[in-house]
Each structure stands twice: as C-alpha cells, then as structure tokens.
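The lines below spell out each chain.
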Amino acid sequence: MSDWTLCIDFGTAYSKAAVAPTGAWSSFDPSRVRPLMLGAHDPRGDPFLLQSVVFVDEESVRFGRAAAERAEELSGAGRVALRSFKTLLSVGDLDRGLNTSAPKSIDPKRQFKMRDLIVLYLAYLLAAIERAKAADPLLAETKPALRYAAPDWSGGESASMHAVVTRLFAGADAFRLAAGDQLLAPEGLAISAIKEALPKAFSDAPPLAMALIFEATAAAAYTSIGLDSNATHLIVVDVGAGTTDITALARSSGRMSELAQARETLKQAGDFIDRVIANRIVALDGRARTVEKQTELWRALMHEVRDVKETLCATGKVTFRHQGRALTLSLRDLERDADFRAFIAAMTKAYDRGLATACGAAGKKGEVLAVAVGGGASAPFVQALLRRKPSGANARVAPRPAVPDWAHAPEFQGNLAPVFSQLAIAIGGALAPDDMLAAR
Amino acid sequence: MAAKKAKPKRVKPAPAPKAAPALADGLAETAWRQADAALAEALADLDEVAAAANDAARADALAMLAQSLSRAARKRGLDRIGELGAREAFNKQRHDLIAASAKAPQGVLIRARGVARGGEVLLRARVTPLRRKR
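Chains as they are written, first to last, in this note's numbering: chain A, 11 to 450; chain B, 52 to 185.
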C-alpha cells in the first residue's frame with residue numbers, strides 16, 4: 011500500500027490533481043496536503059491548472075494552453091479545439107460515444123476517434139502529473155495510489171463506466187511512456203508518431219489500478235475532515251459550469267452512500283448565470299441600440315465574464331467599462347431578472363426536497379452538514395440556500411463555508427484559501443478514506 | 052609554421068531546467084500574479100480619478116478603482132471585518148477606537164471596515180463610540 015494517494019480532477023475547462031498521505035483521514039495534518047503544480051513550467055498560466063484542450067493541427071496534435079492558442083489563431087478558418095470532452099464520459103452509451111469520429115471542425119481529415127483524442131489528452135495530463143510530482147521534494151520518489159473524481163453516474167452504471175475510464179487511463183499511461191517528454195512540448199506530437207505508437211500502446215497497456223470517487227463524496231471529505239462533528243448526513247450543492255447538482259449523502263461506519271431519492275440536477279448553472287449577467291448589462295447600455303453594437307458589447311462581456319461575476323457576487327455590484335462608458339450592475343438588478351428568478355426558484359425547490367430527504371434520514375437528533383462546491387459555491391444566493399431550515403424536520407442543519415477552516419492553516423501562508431475552490435475536488439478526492447470510494 | 056591552433060568552440064551551456072517552485076511559493080505566486088494584475092488596473096484607475104473632467108466621470112473612475120482594489124484583496128485572500136455603519140459591542144481585538152474616549156465604550160459604530168487574512172487581523176475596524184441615549 012502506498013503512503014500517498016493522488017486524485018485527478020479531470021475538469022471540463024481545467025484539470026487538477028492533488029496528493030495527500032494515505033492515512034490522512036484518521037490523522038489529519040493540513041500541511042501534508044499537496045495540490046500539484048501541473049502548469050508550473052508555463053510562466054503565463056496558473057501553476058495549478060492544466061487546460062483541458064486538444065487541438066488537431068495539420069501535422070501535429072497540441073495540448074493545453076498551446077492547443078487553445080493555436081485554435082484561436084485558426085478560428086477564422088473554422089477550426090476549433092476539442093474542449094469539454096469530460097462531458098463525453100457521462101453519455102449513456104459510452105463505448106459508442108468513444109468510437110465516433112471527431113467532427114470535421116476539430117479533425118478535418120477525420121483521422122481520430124474521440125477515444126484517441128481523449129487518450130492523448132489523458133497521456134498529456136499524466137505526463138504533467140509526473141513532472142509536477144518529480145519537482146516536489148516530498149513526492150519525487152513516491153508512487154501514489156491513483157484515483158479520479160467524476161460526477162455520479164446514476165442508474166447503476168458506475169461499475170461498467172469505471173472499467174471503461176480505467177482502460178482509457180491505462181492506454182494513456184502506456185502512450186505517455188512511449189511518447190516521452192515530447193508530450194509536454196508546446197509544439198505537440200507529430201501525427202505520424204501518434205499513429206505509430208497509439209494503437210500499440212492501447213492494445214498492450216497493462217491494467218492500471220485506479221479508484222473512482224464521486225465528486226459529491228470528495229466534497230464531503232474535504233468538508234468534514236478534521237471537523238469535530240457527529241453529522242451523519244451531508245447535502246452538497248455543486249454549481250458547475252453546465253449543471254447544478256444537489257446530492258445528499260449518508261455516512262455510516264465511515265462509508266458514504268448517496269440518498270438516491272434526493273438527487274436533483276438542474277440544466278442551469280454557471281454558464282446560464284453568465285448569460286443572464288451579460289444580458290442585463292447589455293440592457294443597461296442605452297447607447298448600444300443596434301444589434302451590432304449589442305453583439306460587440308456582449309462579446310466584450312463574455313470575454314471577462316468570470317471576473318465580472320466574481321466581483322458581482324463578492325461585492326454586490328460590478329462596473330464594466332466599454333468604449334469609455336461605465337455600466338454598473340447590482341446584485342439586486344440581477345435578482346429582478348425573470349430568468350434568474352426562475353432559476354433560483356427551481357434551485358430552492360430542488361434543494362428543499364434534497365434537504366427534507368437528508369433531514370428525514372438523519373432523524374430527530376441528527377445533524378446535516380450543508381456545503382456548496384464548484385465555481386458558484388460562494389455566490390450569495392447559493393450561500394443563502396445553505397442557511398435554509400428544513401420544514402417539518404427536527405434535524406439540525408449546519409452550513410459549512412465554501413473554503414474549510416483547515417485551508418487557512420499557517421503553513422499555506424494564506425494563499426491556499428483564494429484558490430481552494432478550484433482545487434477542492436482533487437484535494438477532497440485525495441483525502442477521502444477508501445471506504446468512501448465508489449469503485450476500485 | 053605551426054598551424055594556428057583552432058580556438059575551441061565555445062559551447063553554450065544548456066539552460067538548466069527551470070525548477071518548479073515549492074508548494075508554498077507556488078501558491079503565493081498564483082495569488083500574487085492575479086493580485087498584481089488587479090493592482091496594475093487600480094493604478095490606471097487612480098489616474099483616471101485624478102484626471103476626471105466632471106463629477107460623473109470621477110464617480111465612475113472611483114467605482115472602477117474600488118473594484119480593482121477589492122479584486123486584488125480577494126486574490127490575496129483578504130476579507131473585510133464587519134459592516135460599514137454597523138453597531139457592535141466593543142472588542143479591542145477587532146476595533147480601533149478613532150475618537151477620544153475616557154474609558155472603553157460598550158458599543159461602537161463601524162466607520163471603516165477592518166481587514167483579516169485567514170484568522171489573522173491585519174487591520175482593526177475603525178470605530179467611534181456609540182452615544183448613550185439620554
């Protein structure tokens with residue numbers, strides 16, 4: 011058994027990884043939590059994030075930031091990069107999805123199946139992990155046990171999905187060893203070399219021991235580790251980019267299980283809120299009367315929408331400057347938007363149902379921890395949800411902060427907390443005990 | 052005549068691979084990089100405040116300056132303590148009394164919020180004593 015556990019959060023926009031001592035759950039020392047600096051060698055990027063992007067060029071395949079930049083250069087020619095491929099792993103018929111060819115805009119010569127491109131990206135991700143591990147004096151000589159975090163694949167499909175994903179990682183690891191350091195070069199890998207090595211790597215790949223942890227369980231792990239609480243239940247609100255997921259979990263003898271009847275998924279989340287914010291600001295600008303002017307403002311807004319949303323949520327208002335004009339949107343303006351109100355109403359209803367289920371299961375003297383994860387975790391309307399009381403139940407509900415107290419430990423010198431929400435799932439996945447795993 | 056000795060070709064040493072920074076440094080670097088960008092914006096906003104042609108332009112520039120500073124603070128993990136105008140029981144760990152008072156007041160009014168980072172108070176909230184009702 012390894013002394014360390016590594017968890018990969020293969021994210022829609024960015025991938026992250028973190029390592030923690032294998033026994034962290036029973037004797038927790040925050041200073042031994044190690045988020046990996048996957049992007050540390052790129053002076054222009056965030057040291058902890060690796061862009062989830064693949065670009066098929068004329069004669070090579072590029073990854074990460076280099077892929078995103080090349081796609082930007084060629085956007086006028088109708089070329090796009092493959093992004094958000096994580097969502098492919100959630101489709102019903104995964105094998106069929108993996109065997110389809112990538113669209114022509116991504117791969118004009120139709121040389122690759124989706125499986126090939128995902129394996130290539132995973133090989134790049136594993137190479138970045140190895141490089142980051144080698145640069146960390148504590149981890150350089152270690153061989154951590156591997157995990158990956160994924161959304162819950164409901165309907166009892168987890169075991170078969172896990173088998174497929176593990177095979178993809180095994181193929182990727184074999185290809186990484188064959189391709190060497192060139193995988194991490196900005197110019198990418200030659201397509202001729204890929205065509206030669208990839209089929210062999212995939213067919214000869216030895217099995218890779220890898221465990222699956224659901225994202226909600228990873229959230230439960232980082233929220234409740236080291237906490238002096240006897241709470242047996244948790245409710246997790248995950249406001250991601252594409253969906254908002256509400257999950258209730260029960261903990262019994264260390265093991266986590268989901269209360270299936272509490273699960274709710276809404277099709278509106280971060281991206282939807284971005285669009286509402288952009289629409290409201292466009293509506294504020296009296297001078298943008300033509301469709302062209304409005305489109306121009308919309309594009310400028312969407313380019314900075316993450317910062318705009320973060321400021322709005324943190325301070326209650328945001329001022330956006332466009333062509334010399336200052337446009338100020340307040341949280342109250344946002345809350346008056348009909349689409350936004352409908353989203354909040356749907357989220358509140360879904361949360362109340364999930365909370366009622368969790369409180370009912372926790373019983374009269376039970377306690378339920380409420381936590382929000384994902385990009386929208388600290389938004390005031392999400393934090394307000396966590397303060398809601400269950401109707402007709404006696405269980406106590408304890409809202410937990412988006413950033414756990416332990417992330418403020420002096421060892422991090424105050425610098426983990428501002429980036430915690432981005433790394434949270436990878437960290438939680440590495441901290442969780444084996445009992446919390448969904449599949450091995 | 053002896054052949055002129057060829058000068059040994061200078062071989063440029065290969066650049067040493069850039070070592071990845073230690074974890075604490077990496078976290079700090081991330082926080083500072085984002086904060087620096089916001090601080091740079093703040094400096095430009097400050098010039099716009101100074102150069103504003105009228106009250107409306109000055110108000111806009113001030114709003115942008117406040118936003119840039121607050122973004123820089125967030126990227127460094129700074130939180131504000133208390134709410135402007137709130138009334139609280141006096142706590143010398145959190146409050147800095149800015150008006151003369153013969154003895155410690157019971158209640159205070161927050162005139163300027165304090166700043167904390169994690170559990171550490173970097174700046175206490177500036178407060179004045181609440182006047183007792185007669």
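Incorrect hints may appear among the rest.
Simulated DEER-style distance windows between Cβ atoms [said to hold, decoys possible]:
id, chain 1, residue 1, chain 2, residue 2, range
1, B, Asp-106, A, Ser-115, 33 to 39 Å
2, B, Gln-157, A, Lys-374, 47 to 53 Å
3, A, Asp-317, B, Ala-107, 38 to 44 Å
4, A, Gly-334, B, Asp-76, 36 to 42 Å
5, B, Ile-149, A, Pro-196, 22 to 28 Å
6, A, Ala-310, B, Ala-75, 32 to 38 Å
7, A, Ala-203, B, Ala-95, 55 to 61 Å
8, A, Gly-326, B, Ala-108, 34 to 40 Å
9, B, Ala-95, A, Arg-54, 55 to 61 Å
10, A, Asn-240, B, Lys-154, 43 to 49 Å
11, B, Ala-75, A, Arg-106, 43 to 49 Å
12, A, Glu-306, B, Ala-150, 50 to 56 Å
Sample of chain B residues at the chain A side, in silico, Cβ under 8 Å [unchecked claim]:
id, residue
13, Leu-78
14, Glu-92
15, Leu-120
16, Lys-126
17, Lys-154
18, Gln-157
Hints listed in this document are in silico derivations from the structure and should not be mistaken for laboratory results. Yeah, the Cβ is synthetic: ideal placement off N, Cα and C, and Gly gets one too.
Against the structure, the hints:
1. For Asp-106 (chain B) and Ser-115 (chain A), the hinted distance range of 33 to 39 Å is not satisfied, since their beta carbons lie about 51 Å from each other.
2. Restraint check, Gln-157 (chain B) to Lys-374 (chain A): a C-beta distance of roughly 40 Å breaks the suggested window 47 to 53 Å.
3. Between Asp-317 (chain A) and Ala-107 (chain B) the CB atoms are about 24 Å apart, so this pair departs from the stated range of 38 to 44 Å.
4. Range check, Gly-334 (chain A) to Asp-76 (chain B): Cβ separation about 40 Å, and the 36 to 42 Å hint holds.
5. The hinted range of 22 to 28 Å is not satisfied by Ile-149 (chain B) and Pro-196 (chain A), whose Cβ atoms lie roughly 55 Å apart.
6. At about 37 Å, the beta-carbon gap between Ala-310 (chain A) and Ala-75 (chain B) stays in the expected band of 32 to 38 Å.
7. One distance hint, 55 to 61 Å for the beta-carbon pair Ala-203 (chain A) and Ala-95 (chain B), is violated here, with the actual separation near 47 Å.
8. The given range of 34 to 40 Å is broken by Gly-326 (chain A) and Ala-108 (chain B), whose C-beta atoms sit roughly 23 Å from each other.
9. Restraint check, Ala-95 (chain B) to Arg-54 (chain A): a C-beta distance of roughly 21 Å breaks the suggested window 55 to 61 Å.
10. Roughly 44 Å separates the CB atoms of Asn-240 (chain A) and Lys-154 (chain B), a value that falls within the hinted 43 to 49 Å.
11. Separated by about 46 Å at the C-beta atoms, Ala-75 (chain B) and Arg-106 (chain A) satisfy the suggested range of 43 to 49 Å.
12. Checked against the given bound of 50 to 56 Å, the beta carbons of Glu-306 (chain A) and Ala-150 (chain B), roughly 51 Å apart, stay inside it.
13. Residue-level restraint check for Leu-78 (chain B) holds (minimum Cβ-Cβ distance to chain A is 4 Å; threshold 8 Å).
14. With its C-beta approaching chain A no nearer than about 10 Å, Glu-92 (chain B) sits outside the 8 Å limit, and its interface hint is violated.
15. Using the Cβ-Cβ criterion of 8 Å, the hint placing Leu-120 (chain B) at the interface with chain A is not satisfied: the shortest such distance is roughly 11 Å.
16. Hint status for Lys-126 (chain B) relative to chain A: holds, with the closest Cβ pair at about 6 Å, below 8 Å.
17. Hint status for Lys-154 (chain B): violated, given a least beta-carbon distance of 34 Å to chain A, over 8 Å.
18. The closest approach between the C-beta of Gln-157 (chain B) and any C-beta of chain A is roughly 29 Å, which is over the 8 Å cut-off, so the hint fails.
Consistency note: the structure conflicts with the earlier hints numbered 1, 2, 3, 5, 7, 8, 9, 14, 15, 17 and 18.
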